[in-house]
Amino acid sequence: MERTYTLNALISAPKIPTDFLWALSLFFVVLAIVYFVSVFFFRNRLSRLGKQVIAKRKVFSPMICEFLFFEEDGKKKEKINYIDLKIQIRELIKNRFDREVLTAVLLDLRTDVTGKTRTELFRVYQDLELHKDAYKKLNSWRWEVVSKGIFELTQMEVKDSYSLITRFINDKRPTIRKQAEIATVSLKEEGINYFLDHTRYKISEWQQLKLLDVVRNKTDYEPPAFRLWLTSKNNHVVLFALRLIKYYNQNDASASLIQLLRHRDNHIKKEAIFCIRDFNVTDAVPILKTIFWKCTTDVKMYVLEALSQLGTDDDIGFLEDVVTKEVAFTVKGKAITALNTIRPEGVLPTQDIVPTADFETEVETLDATIPVPIETEIHSTEEPSNLQDIPVTAEIVSIDTKKDAKYSLDLEPTDILFLPIVTEDLAEIVVKTEENSTKEKEHNKDLRDLLVYFEEIFPLCGSEELHFEFLPIVTGDPLSEEEATQFLNDLPVTFEEVIVVDEIKTDKNKTEKCLTSELPVCFEEVIVPLPSVVENHQIEEDVKAKISTGYQVEKISFSDTIPIEAISHIKVIYDVLAIEKTFIRTESIPEIDWNSAFELETIVQSQVAITETKNENEMEKELWDIPKPLFYDDVALNTIALLEDISEMGDHREIPHLNMLFQQETNAKLKTRITELIATFSDVDDTLLCFEPTMLPERQSVFHNLFEVSDIEAKIILLDEIAEVGDEQEIPLLENLILSNDIYVQKSAKQALEKLRSRLVPSKVTDVEVPILADKTPTMISPNTDNLFTVDFELAPVPEVKEKKTIPHQPRNQNDGNTLFDHLCAMSTKLYDKE
Amino acid sequence: MNKRTILLADDDALLASLLNFRLEKAGYTVDHVLDGKEVKAYLSHSMPDIIVSDIMMPYFSGIELINHVRKELLSQTPIIIISSAGNEENVLSAFELGANDFISKPVSPSELLVRIARELNKATI
Numbered sequence: 001m002e003r004t005y006t007l008n009a010l011i012s013a014p015k016i017p018t019d020f021l022w023a024l025s026l027f028f029v030v031l032a033i034v035y036f037v038s039v040f041f042f043r044n045r046l047s048r049l050g051k052q053v054i055a056k057r058k059v060f061s062p063m064i065c066e067f068l069f070f071e072e073d074g075k076k077k078e079k080i081n082y083i084d085l086k087i088q089i090r091e092l093i094k095n096r097f098d099r100e101v102l103t104a105v106l107l108d109l110r111t112d113v114t115g116k117t118r119t120e121l122f123r124v125y126q127d128l129e130l131h132k133d134a135y136k137k138l139n140s141w142r143w144e145v146v147s148k149g150i151f152e153l154t155q156m157e158v159k160d161s162y163s164l165i166t167r168f169i170n171d172k173r174p175t176i177r178k179q180a181e182i183a184t185v186s187l188k189e190e191g192i193n194y195f196l197d198h199t200r201y202k203i204s205e206w207q208q209l210k211l212l213d214v215v216r217n218k219t220d221y222e223p224p225a226f227r228l229w230l231t232s233k234n235n236h237v238v239l240f241a242l243r244l245i246k247y248y249n250q251n252d253a254s255a256s257l258i259q260l261l262r263h264r265d266n267h268i269k270k271e272a273i274f275c276i277r278d279f280n281v282t283d284a285v286p287i288l289k290t291i292f293w294k295c296t297t298d299v300k301m302y303v304l305e306a307l308s309q310l311g312t313d314d315d316i317g318f319l320e321d322v323v324t325k326e327v328a329f330t331v332k333g334k335a336i337t338a339l340n341t342i343r344p345e346g347v348l349p350t351q352d353i354v355p356t357a358d359f360e361t362e363v364e365t366l367d368a369t370i371p372v373p374i375e376t377e378i379h380s381t382e383e384p385s386n387l388q389d390i391p392v393t394a395e396i397v398s399i400d401t402k403k404d405a406k407y408s409l410d411l412e413p414t415d416i417l418f419l420p421i422v423t424e425d426l427a428e429i430v431v432k433t434e435e436n437s438t439k440e441k442e443h444n445k446d447l448r449d450l451l452v453y454f455e456e457i458f459p460l461c462g463s464e465e466l467h468f469e470f471l472p473i474v475t476g477d478p479l480s481e482e483e484a485t486q487f488l489n490d491l492p493v494t495f496e497e498v499i500v501v502d503e504i505k506t507d508k509n510k511t512e513k514c515l516t517s518e519l520p521v522c523f524e525e526v527i528v529p530l531p532s533v534v535e536n537h538q539i540e541e542d543v544k545a546k547i548s549t550g551y552q553v554e555k556i557s558f559s560d561t562i563p564i565e566a567i568s569h570i571k572v573i574y575d576v577l578a579i580e581k582t583f584i585r586t587e588s589i590p591e592i593d594w595n596s597a598f599e600l601e602t603i604v605q606s607q608v609a610i611t612e613t614k615n616e617n618e619m620e621k622e623l624w625d626i627p628k629p630l631f632y633d634d635v636a637l638n639t640i641a642l643l644e645d646i647s648e649m650g651d652h653r654e655i656p657h658l659n660m661l662f663q664q665e666t667n668a669k670l671k672t673r674i675t676e677l678i679a680t681f682s683d684v685d686d687t688l689l690c691f692e693p694t695m696l697p698e699r700q701s702v703f704h705n706l707f708e709v710s711d712i713e714a715k716i717i718l719l720d721e722i723a724e725v726g727d728e729q730e731i732p733l734l735e736n737l738i739l740s741n742d743i744y745v746q747k748s749a750k751q752a753l754e755k756l757r758s759r760l761v762p763s764k765v766t767d768v769e770v771p772i773l774a775d776k777t778p779t780m781i782s783p784n785t786d787n788l789f790t791v792d793f794e795l796a797p798v799p800e801v802k803e804k805k806t807i808p809h810q811p812r813n814q815n816d817g818n819t820l821f822d823h824l825c826a827m828s829t830k831l832y833d834k835e
Numbered sequence: 001m002n003k004r005t006i007l008l009a010d011d012d013a014l015l016a017s018l019l020n021f022r023l024e025k026a027g028y029t030v031d032h033v034l035d036g037k038e039v040k041a042y043l044s045h046s047m048p049d050i051i052v053s054d055i056m057m058p059y060f061s062g063i064e065l066i067n068h069v070r071k072e073l074l075s076q077t078p079i080i081i082i083s084s085a086g087n088e089e090n091v092l093s094a095f096e097l098g099a100n101d102f103i104s105k106p107v108s109p110s111e112l113l114v115r116i117a118r119e120l121n122k123a124t125i
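Chains as they are written, first to last, in the numbering used here: chain A, 1 to 835; chain B, 1 to 125.
Simulated from the structure, these hints should not be mistaken for laboratory data. Among the clues, some could well be false.
Said to hold, decoys possible - Think about it this way: if two alpha-carbon atoms lie no more than 27 Å apart in a straight line, the pair counts; the simulated BS3-like pairs of lysine-lysine are: (1) B:K105 - B:K25; (2) B:K40 - A:K58; (3) B:K40 - A:K218; (4) A:K148 - B:K105; (5) A:K75 - B:K40; (6) B:K105 - A:K210; (7) B:K25 - A:K116.
Note that this is a predicted model, so its numbers are computed, not measured.
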């Protein structure tokens, strides 16, 4: 038995250090445990982070919505909410994570919304100072962070970041560079100029497309003359400029384009050729021909394409040279195409064309083998003019396929529709088929070789019905004048009835003679509710009488679809017409002198005239029961105007003058008004004291003016600044602000004052006591509020109107010339002096 | 006057909350659903005055929603479709199935409001 294995008896098992193995095993086990633990840890961390982000997004999204859709002219409650929200959100975004989430939310929303909302989004982003984070990112050493920062600033359209971003245009890190290029072009209109001027690196094709997309989507963008960059040292800039020139059709750079045809870079050459072709620069043709022979195949193709468009007969010689000399098949083909474009059918197909002599012999063979009636046979090669002489009859074409014929082919009628003409007495079409493949091929060479029978078919005349709808209608004898009038009278006419009562009353005959009364009339009745004050039975009866006698219409039909029976029961109220009458009667309206129309005398005269007219006409007196207007003299009118001004703008300081007026005034109504005003100004709630910065220190704080023009939020920020950088000059201001009726300002001022004092103690101790009046204000301030932005109180409802009308505690001289009354008097005196 | 009810179907919670806020501010009652299943469940028990739906939703696309409303529920409730740009084929399909209007992303909330008001007016007439 043959042995199929070898004995390794001499080979002993190696000595394995089991301790080492155990240690190794332990090491790998520990490694695996560490790995799994770390996976578990990081996975959990990521998922926890994701959950936190989702939770934060849920918190931020309603806040953002509130910000985005806040309206300045909204309700007071809404404004308070807005300020509260602003403070809350500022507090929230102190945390870096929250800021990042908020930025992400805004960036997400940016892609989803457009229009005014998007603009508002950009404003909110900058208002919350999130762009400062992006600025910080620009200083990072990590390329992805910098790139992200640039992207963020670009997306949120922070135009101020333009100068910061432009320095990255020539960054050696391509991602940052590309991001910076897009940002530069996006942020400012002149960004593309800066980019093309300064870029030193390659601009990839994809980058060019992106930049073009940015430029293209700019609204109201006026592109610069891109020919200015055709001289750039950077070939990529030249290439991009050429593309932009083509895109914006800037065809004012022909010389530069021609020059660029000689450029070493094939891409530039190609792009220049495209521009030349698109702008139809015929001057470039000689240069195109010159450069042709030294170009690559690709460029040659483009040159020939351009020549086919721009070339003339003079260029045919060159193209023929190309056809003969050029080796590349594609270039040759393109040259022939160009030739045929310039001179159509200049070059005919030559490849695999069989000589004519061969076909002649073939035709003879066919004629001999196929039995066809000679008298009807017309060879397709004959001129069609001969066919016109053939007598033609109308016959139905029938195809009889001779299956027993030696060369026959079964054809459907639709298969031979392409055949040109059919002659008379057609009975059959015989098409020769051959089993021998070579002969069949010869027959299929040309359609003209087929033997066919023709029949010319003309449309049948006389037997068909003709359609004359399109023809104009021609009638017989024209109508006579009487008939025409009758015809017109029979036509139903629809109009709106307007009945003038006086006209019916006074000019009856004339009205009866009216032609319209004889016509059948369709009425549109306008039914107006009867006013209760109108009662004129005489006119009503008169009108009814007229209508029942002379003004009776022959036929009444309504213009809409309601039958007359259905509405016959409706009572038509003619009292409305009586109202119309009062206006119609005033036939001679006196011309109004508008210059004097509003003078008192004119008005009084008019009133007297109206009163007289009313006396003459009792009916009108009954109709118009309007209260008699009151007219005041000049002095009284002036007093009324003065009182109205005082009521709008005045305060308690007007009381002495009002008392004086009260004593002087004799008119009872004016006296009542003055009394009302005195009562209003006297009735002031002392609890509604509000802050008035009337006591200004000798050395005014530099912040004072800022406070006057700032909103609440700005004031709070200023107070923080005062606490940090202020000195003793700010203390009076802060003391005044503590008395402010705005709780945020009040609270911040209090804190700022405390901070300022504690800061100033080592240098100088102020002897000004801080009046803590915050507790007296109608708010509920938590004693534990040590944080400025923690809003844990509620605003007490304070009537806004009454806040303005306050009385300062210090007594005032009532005749010091500062009252509104004094100002009004002084103003009128000035005006008088001016005149 | 009763508030008009709008069913807002969009899986993008952020955009949905934004639109929800704007529509509620304009005086409508908005019911927001996140996906097709929720839409179906909602429509099984109530019918809003108008439906504003994203065309791409999980489980049940906007197209299917239109089909469901028009063919199965036989309702003529106005439907406005929100679609992303470059989704013309879907928009055409939506119109063929009976969508009343469409608005493409990015959405202008003011424009959406106008379109909703117009559709509601049409439906009232």
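- Item | Non-conforming hints, listed in increasing numerical order | Violated hints (numbers, rising): 3 and 5; every other hint is consistent with the structure.
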